[in-house]
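Protein sequences, first through last, are from chains A and B. Under my numbering, the first sequence has 402 at position 402, and the numbering climbs by one with no breaks. Under my numbering, the second sequence has 15 at position 15, and the numbering climbs by one with no breaks.
If you are wondering where the hints come from, they were derived from the structure by calculation, not from laboratory data. These figures come from a predicted structure and were not determined experimentally. One or more hints might be untrue.
Since the list gives no way to pick one copy over another, a pair counts as held whenever it fits inside one copy or between any two copies.
[Claimed, not checked] When the alpha-carbon atoms are kept at most 30 Å apart in a straight line, the in silico DSSO-like pairs for lysine-lysine are as follows: (1) Lys-248 / Lys-268; (2) Lys-97 / Lys-209; (3) Lys-97 / Lys-334; (4) Lys-248 / Lys-10; (5) Lys-55 / Lys-325; (6) Lys-388 / Lys-268; (7) Lys-177 / Lys-30; (8) Lys-287 / Lys-10; (9) Lys-334 / Lys-287; (10) Lys-323 / Lys-211; (11) Lys-90 / Lys-388; (12) Lys-30 / Lys-209; (13) Lys-368 / Lys-97; (14) Lys-288 / Lys-334; (15) Lys-325 / Lys-209; (16) Lys-138 / Lys-248; (17) Lys-55 / Lys-388; (18) Lys-124 / Lys-211; (19) Lys-388 / Lys-106; (20) Lys-388 / Lys-97; (21) Lys-271 / Lys-368; (22) Lys-177 / Lys-90; (23) Lys-10 / Lys-288; (24) Lys-106 / Lys-271; (25) Lys-177 / Lys-209; (26) Lys-106 / Lys-214; (27) Lys-10 / Lys-313.
Here are the chains, one letter per residue:
There are 2 protein chains.
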Amino acid sequence: MRVYIEDIGKYVGQEITLKGWVYHTRSSGKIKFLVFRDGTGLLQCVLFPGETDRKFLDLFSDLTQETSVIISGVPRVEKRSTGGFELGLKSFEIVHKTLDYPISPKEHGVGFLMEHRHLWIRSKRQHAILRVRASLIKHCRDFFDINGFILCDAPILTPSACEGTTTLFETQYFEEKAYLSQSGQLYNEATARAFGKVYCFGPTFRAEKSKTRKHLTEFWMLEPEVAFASLEDNMELAENFIEYIVQKNLEEKEEEIKSLERDIERLKIIKTPFDRLHYNDAAERLKKSDTGFVYGNDFGAPDESFLCQHYHKPFFVHRFPKKIKAFYMKQDPKDPTLSLSCDLLAPEGYGEIIGGGAREENLEILRKEVERHGLREEDFGWYFDLRKYGSVPTAGFGLGIERALAWICGLPHVRETIPFPRMLERLRP
Amino acid sequence: MRVYIEDIGKYVGQEITLKGWVYHTRSSGKIKFLVFRDGTGLLQCVLFPGETDRKFLDLFSDLTQETSVIISGVPRVEKRSTGGFELGLKSFEIVHKTLDYPISPKEHGVGFLMEHRHLWIRSKRQHAILRVRASLIKHCRDFFDINGFILCDAPILTPSACEGTTTLFETQYFEEKAYLSQSGQLYNEATARAFGKVYCFGPTFRAEKSKTRKHLTEFWMLEPEVAFASLEDNMELAENFIEYIVQKNLEEKEEEIKSLERDIERLKIIKTPFDRLHYNDAAERLKKSDTGFVYGNDFGAPDESFLCQHYHKPFFVHRFPKKIKAFYMKQDPKDPTLSLSCDLLAPEGYGEIIGGGAREENLEILRKEVERHGLREEDFGWYFDLRKYGSVPTAGFGLGIERALAWICGLPHVRETIPFPRMLERLRP
Numbered sequence: 001m002r003v004y005i006e007d008i009g010k011y012v013g014q015e016i017t018l019k020g021w022v023y024h025t026r027s028s029g030k031i032k033f034l035v036f037r038d039g040t041g042l043l044q045c046v047l048f049p050g051e052t053d054r055k056f057l058d059l060f061s062d063l064t065q066e067t068s069v070i071i072s073g074v075p076r077v078e079k080r081s082t083g084g085f086e087l088g089l090k091s092f093e094i095v096h097k098t099l100d101y102p103i104s105p106k107e108h109g110v111g112f113l114m115e116h117r118h119l120w121i122r123s124k125r126q127h128a129i130l131r132v133r134a135s136l137i138k139h140c141r142d143f144f145d146i147n148g149f150i151l152c153d154a155p156i157l158t159p160s161a162c163e164g165t166t167t168l169f170e171t172q173y174f175e176e177k178a179y180l181s182q183s184g185q186l187y188n189e190a191t192a193r194a195f196g197k198v199y200c201f202g203p204t205f206r207a208e209k210s211k212t213r214k215h216l217t218e219f220w221m222l223e224p225e226v227a228f229a230s231l232e233d234n235m236e237l238a239e240n241f242i243e244y245i246v247q248k249n250l251e252e253k254e255e256e257i258k259s260l261e262r263d264i265e266r267l268k269i270i271k272t273p274f275d276r277l278h279y280n281d282a283a284e285r286l287k288k289s290d291t292g293f294v295y296g297n298d299f300g301a302p303d304e305s306f307l308c309q310h311y312h313k314p315f316f317v318h319r320f321p322k323k324i325k326a327f328y329m330k331q332d333p334k335d336p337t338l339s340l341s342c343d344l345l346a347p348e349g350y351g352e353i354i355g356g357g358a359r360e361e362n363l364e365i366l367r368k369e370v371e372r373h374g375l376r377e378e379d380f381g382w383y384f385d386l387r388k389y390g391s392v393p394t395a396g397f398g399l400g401i402e403r404a405l406a407w408i409c410g411l412p413h414v415r416e417t418i419p420f421p422r423m424l425e426r427l428r429p
Numbered sequence: 001m002r003v004y005i006e007d008i009g010k011y012v013g014q015e016i017t018l019k020g021w022v023y024h025t026r027s028s029g030k031i032k033f034l035v036f037r038d039g040t041g042l043l044q045c046v047l048f049p050g051e052t053d054r055k056f057l058d059l060f061s062d063l064t065q066e067t068s069v070i071i072s073g074v075p076r077v078e079k080r081s082t083g084g085f086e087l088g089l090k091s092f093e094i095v096h097k098t099l100d101y102p103i104s105p106k107e108h109g110v111g112f113l114m115e116h117r118h119l120w121i122r123s124k125r126q127h128a129i130l131r132v133r134a135s136l137i138k139h140c141r142d143f144f145d146i147n148g149f150i151l152c153d154a155p156i157l158t159p160s161a162c163e164g165t166t167t168l169f170e171t172q173y174f175e176e177k178a179y180l181s182q183s184g185q186l187y188n189e190a191t192a193r194a195f196g197k198v199y200c201f202g203p204t205f206r207a208e209k210s211k212t213r214k215h216l217t218e219f220w221m222l223e224p225e226v227a228f229a230s231l232e233d234n235m236e237l238a239e240n241f242i243e244y245i246v247q248k249n250l251e252e253k254e255e256e257i258k259s260l261e262r263d264i265e266r267l268k269i270i271k272t273p274f275d276r277l278h279y280n281d282a283a284e285r286l287k288k289s290d291t292g293f294v295y296g297n298d299f300g301a302p303d304e305s306f307l308c309q310h311y312h313k314p315f316f317v318h319r320f321p322k323k324i325k326a327f328y329m330k331q332d333p334k335d336p337t338l339s340l341s342c343d344l345l346a347p348e349g350y351g352e353i354i355g356g357g358a359r360e361e362n363l364e365i366l367r368k369e370v371e372r373h374g375l376r377e378e379d380f381g382w383y384f385d386l387r388k389y390g391s392v393p394t395a396g397f398g399l400g401i402e403r404a405l406a407w408i409c410g411l412p413h414v415r416e417t418i419p420f421p422r423m424l425e426r427l428r429p
């Protein structure tokens, strides 16, 4: 019977078959040890001279790293082993013998590992990160599904820019130009007026020439949008969402997160409410720093780090200057130079993981903003329609999956948070 | 207290507030009727002269179609109403009055509706379809999550073609060319060797100049891949998956599906096993047709329709000729002119909703296939590595969400199955 390692506890004492790969091997006297992986976990297998045919002892040296192999044996409880079981190995059959596997237990440079990403993902650490990623994405979706949001996929191929025109990937779409979506935001505003509460979730693209630990050119973004919601409603939704995904992930993937040497105490405290800091107050604090911050600008990485020092939980900065935000962001009625926007900054220097706010619902103001941002009015006819026909206030935000995952796992760089990262100078494998 | 229509049953007899839009209005003598929508449903509201301030009777004519409005009143049980409740309307406040809403209850041409897709999605039928879509996607993911598959997102920006070079969207990726993914298949083969059982789910792109009822240039595809799986395992996985998603959707979205006038008896019978038809046997049957089918070719729409006649459930055609399949498809050891491939064809003329098969795991054969298909060997170095290091048989398939949804909902065209369809001559809105 073919069994996966994750189910092995059900088969103690029975002879079973497993299919997978050699993780590594060692010998201790006449006893041979095989650490075997099948994608669902690692399993220590022991070959005793008395328990197997002689030929398997002779063939054992063929079990080189990453050789694919079908093994048979009997699982037993063994508290000292990973997972709590080990396999008394009876026989094995090599499927494909691997020679000179390029990734050995010795240290490799990041460039080399990135070139071999298709193989690097088999290693323990990458395995743990990507399992947490899958779980995180599930919990992100679950949160919105449970709360009555309708998933409405936004298109990737779009005729115009959403977040500024300098970071667009362009493609020829038959007779005209199209651009890869930077955000589903504008389309969410249409679907929010149809379904009340919506979210989209898909890859988004920014042709940024940034080589930082926070930038990918292709990243996954989850974006909810709610009709009749205010900036305050939006911050409440965002904090409930973050608490949910962090706590659920911790519940279900504690072992993987711990294996990354993440201090999980720092995650356990991620509970609502999160602090809300007015941009003006943040600016006031930054006066005491030496980051060179100038009032009216967006925060740079040093500014975010300075502000983060005071917090052990994510916190909002709200009401950023209107001029640094996208054209659709609503003006603050109390101060026309500010916007009803909010960013959520993660602690420990991770910085912005969410950006969002209330959208301008007034057609005349919006038209002026489109013009002021140098966008072509003819591209926004359908978007203006949303203000002509039953306009309502809406608010929403976007969560970058990779940045959130880097924070949850405590990773130094987003490049490890996605199976095949796309960055400046990185389109392969 | 602000309430959504979907929760109204909890508030019978209490005064509540709802926020949404006017769906339509009518008068019957002195009594005014408002059908109100908030994205979660429709609600009939009744304004009686004795139960409200005089001014609301006068203002009632301002409630034009799609005017956004906040209403207050008391819900009561009313079996004749949609949803089983109606609202005794007490007062309302107009948020934004809509003039000349372009979509009226009269018939519009499809071209006009597609131009106004951002508004069309507010109508009852589109609303139902897109709610079923959201539910379908959730069940697709659930099936694989429950069965221990790990979600591994494949990249969209890729340096090479996967499914042929004639239907690629190209973009400038800094100093080089990149192409929008046609399938996550090749990347799934890498992640399947890391995680055993994986799936990817995201938008895929084909620059096809086809104007048929089955083609979108941007469509969502769910693709599982399993290490150590055979063609037979793959068909078993696919049929279990289809039964699961159809039955779950029927359970949770029966009302919406019925509202589309779909005969749900045709869906209730979608249970495993599904028939398996060898390509040669299918070809034999087609001899009796007048479709002009030639042995060795792929099926055209008339061939699929002819074959479908015999079936009330989806059925597999397996072992298509090698020459019409992608380079990675494994040769049939019993007949080298055939491949270990399978398509799943939906009944009622819907045709192919799944395509898949076993992948070639032998490096030398694969190299020759890459050459034979005119692909550049240097683009596939990382893919060849999967055969150099611990090669194993893998099999998998792809389900096109939009085609599956068209079948489940009984729709004549895929253009209604996605919020913002992208087709030849359609990049807007």
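Tested hints:
no., hint, result
1, Lys-248 / Lys-268, "within (10 Å within a copy, 35 Å between copies)"
2, Lys-97 / Lys-209, "neither (42 Å within a copy, 45 Å between copies)"
3, Lys-97 / Lys-334, "between (70 Å within a copy, 25 Å between copies)"
4, Lys-248 / Lys-10, "both (26 Å within a copy, 29 Å between copies)"
5, Lys-55 / Lys-325, "neither (70 Å within a copy, 42 Å between copies)"
6, Lys-388 / Lys-268, "neither (46 Å within a copy, 43 Å between copies)"
7, Lys-177 / Lys-30, "neither (68 Å within a copy, 56 Å between copies)"
8, Lys-287 / Lys-10, "neither (62 Å within a copy, 52 Å between copies)"
9, Lys-334 / Lys-287, "within (23 Å within a copy, 77 Å between copies)"
10, Lys-323 / Lys-211, "within (25 Å within a copy, 44 Å between copies)"
11, Lys-90 / Lys-388, "between (74 Å within a copy, 27 Å between copies)"
12, Lys-30 / Lys-209, "neither (57 Å within a copy, 66 Å between copies)"
13, Lys-368 / Lys-97, "between (66 Å within a copy, 21 Å between copies)"
14, Lys-288 / Lys-334, "within (26 Å within a copy, 77 Å between copies)"
15, Lys-325 / Lys-209, "within (20 Å within a copy, 39 Å between copies)"
16, Lys-138 / Lys-248, "both (10 Å within a copy, 18 Å between copies)"
17, Lys-55 / Lys-388, "between (80 Å within a copy, 25 Å between copies)"
18, Lys-124 / Lys-211, "within (26 Å within a copy, 47 Å between copies)"
19, Lys-388 / Lys-106, "between (63 Å within a copy, 20 Å between copies)"
20, Lys-388 / Lys-97, "between (66 Å within a copy, 9 Å between copies)"
21, Lys-271 / Lys-368, "neither (40 Å within a copy, 57 Å between copies)"
22, Lys-177 / Lys-90, "neither (62 Å within a copy, 52 Å between copies)"
23, Lys-10 / Lys-288, "neither (61 Å within a copy, 53 Å between copies)"
24, Lys-106 / Lys-271, "neither (40 Å within a copy, 52 Å between copies)"
25, Lys-177 / Lys-209, "both (22 Å within a copy, 16 Å between copies)"
26, Lys-106 / Lys-214, "within (27 Å within a copy, 51 Å between copies)"
27, Lys-10 / Lys-313, "neither (40 Å within a copy, 36 Å between copies)"
When held up to the earlier numbered hints, the structure conflicts with 2, 5, 6, 7, 8, 12, 21, 22, 23, 24, 27 and fits the remainder.
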